[in-house]
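Protein chains: 2
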Amino acid sequence: MKIICSQGQLKNSLSLVSRVVPSRPTHPILGNVLIVADKRKNEVTVTGFDLTVGIRSSFPAGVEEGGVITLPAKLLNEVVSRLPEEEIVITYEEKEEEENPVVGIHCLSGRFQLRGMKGDEYPDLPVVEGNGFSLPGEVLKEGLKGCLFAASSDETKQILTGVHMKGEGDTIEFAATDGHRLAVVREKLVEEEGEGEEEGIYGGEKSLEFDITIPARLLRELERILSGIKEEERVELYVAETEVVFRLKEVLLTGRKLEGLYPEYNRLIPHSFEKTMVVERRRIIDSLERLEVFSDQKNSLVRFKLNPPKRELTVIMEAGEIGGGKESMTAEISGEEFEIGFNIKYLLEGLKAFSSHEVKFHFNGPVQPVVVTPLDGRSMIYLIMPVQI
Amino acid sequence: MKIICSQGQLKNSLSLVSRVVPSRPTHPILGNVLIVADKRKNEVTVTGFDLTVGIRSSFPAGVEEGGVITLPAKLLNEVVSRLPEEEIVITYEEKEEEENPVVGIHCLSGRFQLRGMKGDEYPDLPVVEGNGFSLPGEVLKEGLKGCLFAASSDETKQILTGVHMKGEGDTIEFAATDGHRLAVVREKLVEEEGEGEEEGIYGGEKSLEFDITIPARLLRELERILSGIKEEERVELYVAETEVVFRLKEVLLTGRKLEGLYPEYNRLIPHSFEKTMVVERRRIIDSLERLEVFSDQKNSLVRFKLNPPKRELTVIMEAGEIGGGKESMTAEISGEEFEIGFNIKYLLEGLKAFSSHEVKFHFNGPVQPVVVTPLDGRSMIYLIMPVQI
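These protein sequence lines map, in sequence, to chains A and B. Residue numbering for the first sequence follows our numbering, starting at 1297 and increasing by one per position. Residue numbering for the second sequence follows our numbering, starting at 1297 and increasing by one per position.
Do not take every clue at face value.
Treat identical chains as interchangeable: a pair holds within one or across any two.
Claimed, not checked - Computed cross-link-like contacts, PhoX-like style, restricted to lysine-lysine with a CA-CA straight-line distance of at most 25 Å:
(1) 1594 - 1391
(2) 1545 - 1641
(3) 1526 - 1441
(4) 1370 - 1622
(5) 1571 - 1545
(6) 1307 - 1337
(7) 1437 - 1414
(8) 1641 - 1370
(9) 1298 - 1622
Because the hints were derived from the structure by calculation, they are not lab data.
Could you build the full structure based on these sequences and the hints that come with them?
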């Protein structure tokens, strides 16, 4: 194997894929990244895989001699990231007998040697088979931003540790819930209505049709990858029997779907409300962040006092032994005076997932689910169960 | 007590003093900061103290009613740092009977209450008595930068956990050693020679005369405080029987001296050498930082190969099982070909403490102490014991 590549591209690929490489691998080779040099394509592919989530990243390189090798992810990443931005030459002579062959990394400033492991033992990423859908990267990004935080982090809750994604026609619905709150985002593939729909603006893509639950861990990696792409870039989604694959221009992300039936969350969302309140989103977040200082594991209750005639919302946090705080802000309130309590952490996380300048709270009684929506026209709801005061 | 002050000034003072407040105080009140409002001076003073190191910071404020109270450092810091940049009003009604009085913090956006503890139980900072010396802040900053890193972090080594500071005439010598390396910096109070010395450019200050060892921990706080001051600001140093006090314009730092005789380090520094080598400091640091990736607890040896005819230094790190690296760079070498080994961490720390473009290594044999000096005219040496190859 002999590769001539740029330090920058190798560094980027390594930092993308090393995140899924476990620091304490169950088998030594899983602590390595797989490097494949394709002479015909003049392309290098770097893969990290922990048997659950896998990332593969490719970049163009001068491949004088093709080959396959695995190298310790952490060490390789540390060496490459410290090298100056110049050409790097990676060489490795394949010999049958050697179990841990030495791989050379040369550049202008010096020469390094790393002991690798042969590539044949490295597990294969799942093969992409099944239905493919082409999605705008922005749609995925927005969908995940609006609901990923609400997935359960409790591994025993299985299906709730994932995000439910349902594609139907030209719409994807993203949903996540941990039992205390529910976030649902609906994204259309085409934003402009009426424009070019008849001519098939999807670029030949078929109408969406999938119903899957994907582990939040996998989607956090997707979110990270998406944060680095260009606005117009598209993502291919392949849904197979047990796996799901996201394929971008130079990155491929793969992982298992979560099995089981996702709860019928739409039935939980009330459609009529007795009172509503519109507040500035940034203002209420700032207040809650200050009050959150007084919360701890025992006490996370924030009280809302709605005063319609004064057009005022007061948020109150009481933490007997250490103190407490109270802030008031302008709010447009319909209905009568009213008090209700929330878990401050859940409330803050939800409000931060919106992007709108203002949000609208929809209430019924003090123990009935509360629905928060943005005022920017996006189809997104955050349902949160109140805490009894 | 009633104080009207700016959020920014209170925040700065709190972040300065909270660093010394222990997170697990031996007595509850030591987890608090002391707040003193002086009506006559219109000044607020905030103090943090862990019985060993104390910091006091003052700032001007509107004091409508004087008073003394202590408040939980962490909680107060978190609340104040999240408040918008506006006026803050702090109020507290002194009542004899209350053990944990409630202190109010009001600003435009809201009202907070924190439970404090009365100030009378808060321990006094050591009183400043003894000789006072006025030192330029820059001199202290440079002296500490050049040697603080070399103090021992092993608490059992007592006197070696400090920095030795010796003032004599118009010179301060800073020294620190942990037994493996020694850093000595000599700083003159007046940089320009011959200029105004006769008229007493020190501004009336007396000739220096002290010989003290100060805990590195205290000096790290001083370094942090100095990083925020103006270039021309001066620091008063008071040396008392058991304590030492650094007084800046608005900050006071106090702590215990280390007792015992500091080793006679000057006797350890050789004065004649067989070989020397001049290298670019940044270049050798970059190489060593890459090679350091291969070091671990078992292996920290970096080898130097000096090749005078080729005007080349090669640095080599071998880490058998995982690999290794080798880099070469230009160096002006006097003497014969030569090999020597170092602990890579110690070497790097020393090189980073210099500021010069080039450094000069002075060698005798491969097991005799090596001396590194800067080539920028500063009086600084770094002595490091080689590691046998």
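Now for the hints, and whether the structure bears them out:
1. 1594 - 1391: neither (62 Å within a copy, 30 Å between copies)
2. 1545 - 1641: neither (37 Å within a copy, 42 Å between copies)
3. 1526 - 1441: within (17 Å within a copy, 44 Å between copies)
4. 1370 - 1622: The answer is between: 19 Å across copies meets 25 Å, while 48 Å in one copy does not.
5. 1571 - 1545: Neither. Shortest intra-copy (48 Å) and inter-copy (57 Å) distances fail the 25 Å Cα cut-off.
6. 1307 - 1337: Result: close within a single copy only, 20 Å intra versus 58 Å inter.
7. 1437 - 1414: Neither: 37 Å inside a chain and 53 Å across chains, both beyond 25 Å.
8. 1641 - 1370: Classified as between; 19 Å across copies, 34 Å inside a copy.
9. 1298 - 1622: So residue 1298 and residue 1622 pass the 25 Å test across copies only (20 Å; inside, 66 Å).
Hints 1, 2, 5 and 7 from the list above are not met by this structure, while the remaining hints are.
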